[in-house]
Amino acid sequence: MSYTKLPVLRHGLMVRHPHLIPDETIAVRNSIVRTMMKSNNVQALVIFSDAIHNAPGCYLTNYPCYGLGRESVTVLGLNEGPFLFTTEPLRNLPKVDLFTTCPVEKVNPASKFIADGCAKAKELAGEGGAIGLVGTSAMPVRRSSAVKKNLEGRSVVDVTAEFEKSISSKDSTSLKCIGAALKRARMGFDTLREKAQTGADVARDSTQLAAYVDFVLRREGCEDTNILISTATSPSSRVGQRVGYPDGSNLHVGDIVMAFVGAQYARHWGVVAEVFKLGPMTDKEAEALSALESLKTTLPSKIKAGMTLAQVRVAAESVAKKIGVTLVSDVPVAEGIGFDMDEYPSKETDKVEEDTVLLVSLCSEFGKGVGTMMTSGMLLCGAKGGRWLQ
Amino acid sequence: MGNHMSVPEGELELRWKRLRERAAAGGFDGLLVFSNQINQTYIHYVANYTLLGDRSYFFLPLAGEPTLLIGAAWDIQHAVLESGLSDVRPLTRGSNKEIISVMKAGTKGKTAVAGMEMLNEKDLAEFKTEFGDNFVQGTDLLEEVALVKTDFELGLIRKAAEMADAAFLKVVETAKEGMLDYYIMAEIDYTMKKMGATDNFQMSSIGRDSTGMLLPYGKKLEKGDIFLFEMTPAYRSVTYSAQLCRTAVYGELPPLFYEKYDILVRALEESLKIIKPGARIADVAKIQNDIISKAGYAEYCHPPYMRSRGHGFGLGRVEVDDECPLTFQKNMSIVIHPNQFIPETGYLALGDHIIVTETGFERLLKTKPMIYTCGGGNQ
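Protein chains in written order, with the numbering used here: chain A, 1 to 390; chain B, 1001 to 1379.
Misleading hints may appear alongside valid ones.
[As the list claims (entries may be wrong)] Here are the simulated DSS-like pairs of lysine-lysine, each with C-alpha atoms no more than 25 Å apart in a straight line:
| # | chain 1 | residue 1 | chain 2 | residue 2 |
| --- | --- | --- | --- | --- |
| 1 | A | Lys148 | B | Lys1223 |
| 2 | B | Lys1159 | B | Lys1110 |
| 3 | A | Lys95 | A | Lys165 |
| 4 | B | Lys1170 | A | Lys195 |
| 5 | B | Lys1122 | B | Lys1097 |
| 6 | B | Lys1219 | B | Lys1176 |
| 7 | B | Lys1194 | A | Lys95 |
| 8 | A | Lys112 | A | Lys165 |
| 9 | B | Lys1110 | B | Lys1128 |
| 10 | A | Lys5 | B | Lys1194 |
| 11 | A | Lys183 | B | Lys1219 |
| 12 | B | Lys1260 | B | Lys1273 |
| 13 | B | Lys1128 | A | Lys148 |
| 14 | A | Lys368 | A | Lys165 |
| 15 | B | Lys1122 | A | Lys351 |
| 16 | B | Lys1286 | B | Lys1159 |
| 17 | B | Lys1330 | A | Lys195 |
| 18 | A | Lys296 | A | Lys277 |
| 19 | B | Lys1122 | A | Lys5 |
| 20 | A | Lys347 | B | Lys1097 |
| 21 | A | Lys122 | A | Lys149 |
| 22 | A | Lys277 | B | Lys1220 |
| 23 | B | Lys1159 | A | Lys95 |
| 24 | A | Lys347 | B | Lys1122 |
| 25 | B | Lys1220 | A | Lys95 |
| 26 | A | Lys149 | B | Lys1122 |
| 27 | A | Lys368 | A | Lys277 |
| 28 | A | Lys5 | B | Lys1330 |
| 29 | A | Lys183 | A | Lys5 |
| 30 | A | Lys95 | B | Lys1219 |
| 31 | B | Lys1366 | B | Lys1170 |
| 32 | B | Lys1122 | A | Lys165 |
| 33 | B | Lys1128 | A | Lys149 |
[What the hints assert, rightly or not] Which chain B residues face chain A? A few, computed with CB under 8 Å, are given here:
| # | residue |
| --- | --- |
| 34 | Val1148 |
| 35 | Leu1154 |
| 36 | Lys1193 |
[As the list claims (entries may be wrong)] The following label-pair restraints were derived from C-beta to C-beta distances:
| # | chain 1 | residue 1 | chain 2 | residue 2 | range |
| --- | --- | --- | --- | --- | --- |
| 37 | A | Lys165 | B | Asp1140 | 56 to 62 Å |
| 38 | A | Pro103 | B | Leu1326 | 48 to 54 Å |
| 39 | B | Gly1010 | A | Asp190 | 42 to 48 Å |
| 40 | A | Gly126 | B | Gly1224 | 51 to 57 Å |
Honestly, the hints are just simulated from the structure, not real lab data. These numbers were taken from a predicted model, which means no experiment stands behind them. Even glycine gets a Cβ: it sits at the ideal position worked out from N, Cα and C.
Bound conformation, chain B alone (with noise of 0.2 Å):
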């Protein structure tokens, strides 16, 4: 039984064992997992739902069938079907009195609970009178475990550069004067969206002199404008997003805004020829920031001019900053995006969605790392 958003057969089993063997390790007798809508990766990286409605918990236990929790009774079919789980239950709106009995039956000792800063008093407190001390926050265990991809995982990750590459291939391919910022966004989700992706954090500058990306305002296309691109298509979880960031022009510019994008390419390219597994993160943040600085622009390589050189997605998250005290794992997934306020040109955005691999990194998009002009000559 399944559908077309379910997984294959042992994928949940393979992230249930390695969450176990976590939580054994960490004194844990079993894992909740809480998710609203403001975070919906957690309960889907366990559970393989598409959260709708309110809330869902999951509970693990060490050993035996997990359960699945659903806010939304009437999207309880779905949730089935979705997830495969056989233990699926309606939540009473406003109570948590079915998730209590659950983990009651199913642990004596400490719960690992992943999502616990989410909950809001009301139901902490109900919580903690129950288990006391027992209800320990356990969101780190999640987010390390979550961290490696597993190879299902990676190809959701992979598919979701190909509609990145394709959507903003689109847009240089489309775009025409005159055309509204809204609807350029309109055909990039539209791309995507056409290709399975389930979400898109998507900012966006089309102009002039900008200082970051925002959210469409109606500005029409002029020629001379450069686009600022940062699309994030996801897969079925925000988890498994790439990120695409790109600098294009409509019309012409002039040669001094290729020389400055060339720093942040080089910047780009020396960052990731470190990248293995046992590198330091903070290492690829000082590679950027060391060649920008050089170029002449040390004081613009801090906030608000730039925010990071790069993140992972949704859950798993890391920062590449210089201060990020993590070392490349295989399987990790990471954009690196040396995205950069220049006085002379304004904001330019250049970043490139990366795989782990056992030797170095596996590089997910296919567009070259350029400008590229919109309706034709990209070589």
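Isolated chain A, as found in the complex (with noise of 0.2 Å):
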């Protein structure tokens, strides 16, 4: 979760998008869902998300689970459900009803979210049958507890991991989603740089200009926006230099900016991240963005379904050296990205699926009189390589 700045409450357009995520792709995961239980033999499935791991429920139900209702638990039986169970408060239940596929159950008080989600599980998997759990890791102690307490004496399976290489295999509906989200954050991330480098009056810090970039991108629908913004005055400034929060830090001309715009659409994630100069670059910058620009065009062939992130980590700094690159260590170079950022995977042993988008951040240090110099980009791996999504 490198990037993630998680706002009190995500309150953009926040609508169904039918078009985009049609109810037979809800079904179709439901049953891939369902066969996973079946080989696991597991007769009912108690799904937790909360704000930061939003994917789990999402999936199912198309559920924001960041907006009043912060946390949720999806119930899912081998004929039946979804269940959702939320923290919303009950009046808002009509609207809910509005963005997601499934009918929220009312539960009053909204505390008792995952009492009831557990005795729908254990109805639905009978007297014996054994009950799975998805997101128990991430859990806080609170609420795992609670998951505990409430299934006391029934058969439990953790089936976590390989519910996450469901939702890691992106499909059509999740692809066509995040193409949306990464338009809007190309779109966004241009009229950053183009406000920047015509010395706009929103671009006098960044942020003000964080400002306008979230307000363009939320009239184009977005939910959500992470807008990360540095910029480096001096030459020795520019040596470390990371995105981060915006500061207020005022632009000049020369100023390097490294800056990094998150854009939510329809549940999904599109990020891009990187550099440019108020001004003309000198020689030595743009020899430089060159060849991470050369690396981002070679890597893709090098990054296969079945890698662990610690091997595509490899694999770039592999071809990063061969063209005199060496990537920064503290910078993650690939993680996964759709319905949340930093989705599964995650871990350096978590492997890339087929059909997983890594969100791939490459970040180099050059010394002195160039500094830091990163781009990005979304990749989609498949068995024989990947490919930039644009």
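Both chains are sitting in their own frames, so use the hints and assemble them into the complex.
Have a look at this one:
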């Protein structure tokens, strides 16, 4: 979860997007998960989601777990469901039903969402049926203890890893949504760069600039944005430069601007993260950026489904070395992205599945006079290699 | 050293002093604070660090320098600048070895752990293995200290209130027929963020016969639509939020709406009158419920028709309801809102943010408690 800054409430346009996310897709996803349940001999699933790990529940219900109800339990039976239990205030439910694909179960008080969800799972699993859990490792203890208490005496199996793999292989619906989000992120980044380079009033400092780009993207229907900017004025401050939370720094001609623009649209994220200069680049700066772009061109053929994230990093470092570039060690080269930033694969040991989308960040120090350069892309991984999403 | 988000000299030390006093009084040797993205306010309060990445720890020994550990190694330069702390270290991904080592060096006794309930099972088990019964839940300790704001914190909240007023007036001035609800929300956010807002808990409703406020869904503004807003800009941390609850109309409303809204205005004004240090918070809720009940709406003075009669924000949060056991203290920051569903009008929004002073309260919002008309005439 390298770049996430979770707001207290995502409050952009929140609709169902039926043209992008048809009900049939959700039905197919539920069917895929049911197949996984059968192979694990599980009769019901209890799936925990929160505002950080929105993916599991959203995959099956289209419910965004980052509005007012910041936690949810989705319950799926072999023949029934999904049933959605959230912390939404009761008075919201009529509106929530407008943007999910399954009705929201009434839970009152909202703090009972885990108890009610577990009760439903027990009912679906029958007397001796096993119940599968998803999301347990990330669950805060105050919630996991409630799950344990409510499922006491039942046979329980953690199927988080297998569930995450289903989500990691993006279906055509998710790819369309990611494409729509990426298009907006690109638009946001281009706006940011154009306003900064032309010295527009909205770009007088990093906070103003981020506010403007956020405004533009919200009018494009984004549910949320994540805009990180850092500016480096002197050559010495460019070394070690990383994107960061906008801090109101003024922008000057000659600055190197490093920006990360995340746009969330139709429940999915698109990201564009690059550097640019206010004013013409020196030959050395242009050469450094060109080296990174060259690495970006070569990289997709080296990243294949079945690799772990650690192997992806090794592959990127190997290609980089051949062209005389050293990638910084503190910025993750690749992490899963889609419903969430840094979703599966996120750990070094996690495998890249076929049709996984990775956020690839290529960041390198080029020393005095040039400083840090960065480029990024969203890579769709296949069995024989990847391709950059546009 | 510092950046635009840093705090004045002595501010963090003042908070640490209060925390150390409370920790010592509770028999603790140190305080561990944990934050993740779900609750970033803990770490911001003790370290003035805007959390990026998955998690952060802060360890405060009873004596000596504290240590900040962050999950996003690449953010360390920013963390040093923003926090001004001399000891900031990266955490190894998926591991707690660095913080465990810091704690072992800094304490031999009990550690109060703020945010313990947010740890996952694996991490909690790791700490319990190392520290056993000396690893003790301490969230309340942090919450209690943070309930009373410092002068610097109050300044941030006042600034947030300016943002809320400005954003509301911007909507009232610029709303046009056919405007989409999410365009209106974008205007609100932009107005606030230009002024420095770092977050915004924003709910709204545009239309008629609303039962509450939620998120924009693509509604076009029409004549006669009622705007309900709960705008809550945060300045640097959600703890430094100020909330504005207001109602506006695009077009005209029948007189009945104004009559019913006056019930809410009376409930607000009468309940505010009792606020001063030592007064019972529950009495604010009781006064509001009493006025609204006497107007004939007793059955709507409970969920789902309303939630509470006010609350704090972020760290040091209190709920203004008739069961609240607390009394007001000087320098508390609270929104008081008699937001209410009324069958004849639908949901109506009204609320003001206040700071408790030595003798009463300071009203932070400058916009008047009334139904505003988009396009003018709001005297």
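Hints versus structure:
Between A/Lys148 and B/Lys1223 the CA atoms are separated by roughly 53 Å; this puts the pair beyond 25 Å, and the hint is violated. Restraint check for B/Lys1159 and B/Lys1110: not satisfied, since their Cα atoms lie roughly 39 Å apart, outside the 25 Å limit. Only pairs whose Cα atoms come within 25 Å are accepted, and A/Lys95 paired with A/Lys165 is rejected, the gap being roughly 31 Å. Proposed proximity of B/Lys1170 and A/Lys195 is supported: the alpha carbons are some 23 Å apart, at most 25 Å.
Between B/Lys1122 and B/Lys1097, the direct Cα distance comes to roughly 13 Å. Compliance with the 25 Å bound is thereby established for this hinted pair. As the CA atoms of B/Lys1219 and B/Lys1176 are separated by approximately 13 Å, the hinted pair is consistent with the 25 Å bound. Between B/Lys1194 and A/Lys95 the alpha-carbon distance is near 31 Å, which puts this suggested pair outside the 25 Å criterion. A distance of roughly 29 Å separates the Cα atoms of A/Lys112 and A/Lys165; the hinted pair therefore is violated under the 25 Å criterion.
A C-alpha spacing of about 12 Å is found between B/Lys1110 and B/Lys1128, which places the hinted pair at or below 25 Å, so the restraint holds. For the hint pairing A/Lys5 with B/Lys1194, the CA-to-CA distance comes to about 19 Å; that is within 25 Å, so the pair holds. Restraint check for A/Lys183 and B/Lys1219: the C-alpha separation of about 24 Å stays at or below 25 Å, so the hint holds. Restraint check for B/Lys1260 and B/Lys1273: the C-alpha separation of about 21 Å stays at or below 25 Å, so the hint holds.
Taking the CA atoms of B/Lys1128 and A/Lys148, the gap is near 19 Å; set against the 25 Å cutoff, the hint holds. At roughly 43 Å between alpha-carbon atoms, A/Lys368 and A/Lys165 are farther apart than 25 Å, so this suggested pair is violated. Annotation: proposed proximity of B/Lys1122 to A/Lys351 holds, straight-line Cα distance about 22 Å (limit 25 Å). The hinted pair formed by B/Lys1286 and B/Lys1159 fails the criterion: a straight-line CA distance of about 30 Å is larger than 25 Å.
Distance restraint check for B/Lys1330 and A/Lys195: the Cα-Cα separation of roughly 45 Å exceeds the 25 Å cut-off, and the hinted pair is therefore not satisfied. For the proposed pair A/Lys296 and A/Lys277, the alpha carbon gap of about 19 Å is at most 25 Å, so the pair holds. Among the hinted pairs, B/Lys1122 with A/Lys5 is consistent with the structure: their alpha-carbon atoms are about 23 Å apart, no more than 25 Å. A distance of roughly 17 Å separates the Cα atoms of A/Lys347 and B/Lys1097; the hinted pair therefore holds under the 25 Å criterion.
Distance restraint check for A/Lys122 and A/Lys149: the Cα-Cα separation of roughly 13 Å lies within the 25 Å cut-off, and the hinted pair is therefore satisfied. For a cut-off of 25 Å, the pair hint linking A/Lys277 to B/Lys1220 is broken: about 40 Å separates their Cα positions. A hinted pair counts as satisfied when its Cα atoms are at most 25 Å apart, and B/Lys1159 with A/Lys95 does not qualify at roughly 33 Å. Under the criterion of a C-alpha separation no larger than 25 Å, the hint pairing A/Lys347 with B/Lys1122 is consistent with the structure, at around 15 Å.
Between B/Lys1220 and A/Lys95, the direct Cα distance comes to roughly 16 Å. Compliance with the 25 Å bound is thereby established for this hinted pair. The suggested pairing of A/Lys149 with B/Lys1122 holds, with an alpha-carbon distance near 17 Å, which does not exceed 25 Å. Only pairs whose Cα atoms come within 25 Å are accepted, and A/Lys368 paired with A/Lys277 is accepted, the gap being roughly 16 Å. The hinted pair formed by A/Lys5 and B/Lys1330 fails the criterion: a straight-line CA distance of about 32 Å is larger than 25 Å.
Our distance criterion of 25 Å between C-alpha atoms is met by A/Lys183 and A/Lys5, whose separation comes to about 21 Å. The straight-line distance between the Cα atoms of A/Lys95 and B/Lys1219 is roughly 12 Å, inside the 25 Å bound, and the hint therefore holds. The straight-line distance between the Cα atoms of B/Lys1366 and B/Lys1170 is roughly 14 Å, inside the 25 Å bound, and the hint therefore holds. Using a Cα cut-off of 25 Å, the hinted pair B/Lys1122 and A/Lys165 holds, with the two alpha carbons roughly 21 Å apart.
For a cut-off of 25 Å, the pair hint linking B/Lys1128 to A/Lys149 stands: about 20 Å separates their Cα positions. Restraint check, B/Val1148 versus chain A: the minimum CB separation of about 22 Å is more than 8 Å; hint violated. The beta carbon of B/Leu1154 comes no nearer than 20 Å to any beta carbon in chain A, farther than 8 Å, and the hint placing it at the interface is violated. Here the hint on B/Lys1193 is kept, as its CB sits about 3 Å from the closest CB of chain A, short of 8 Å.
Remark: the range hint 56 to 62 Å for A/Lys165 to B/Asp1140 is contradicted by a beta-carbon distance near 40 Å. The beta-carbon spacing between A/Pro103 and B/Leu1326, approximately 38 Å, falls outside the hinted interval of 48 to 54 Å. Evaluation of the 42 to 48 Å hint for B/Gly1010 and A/Asp190 yields a pass: the beta carbon distance comes to about 44 Å. About 53 Å separates the C-beta atoms of A/Gly126 and B/Gly1224, a value consistent with the hinted range of 51 to 57 Å.
When held up to the earlier numbered hints, the structure conflicts with 1, 2, 3, 7, 8, 14, 16, 17, 22, 23, 28, 34, 35, 37 and 38 and fits the remainder.
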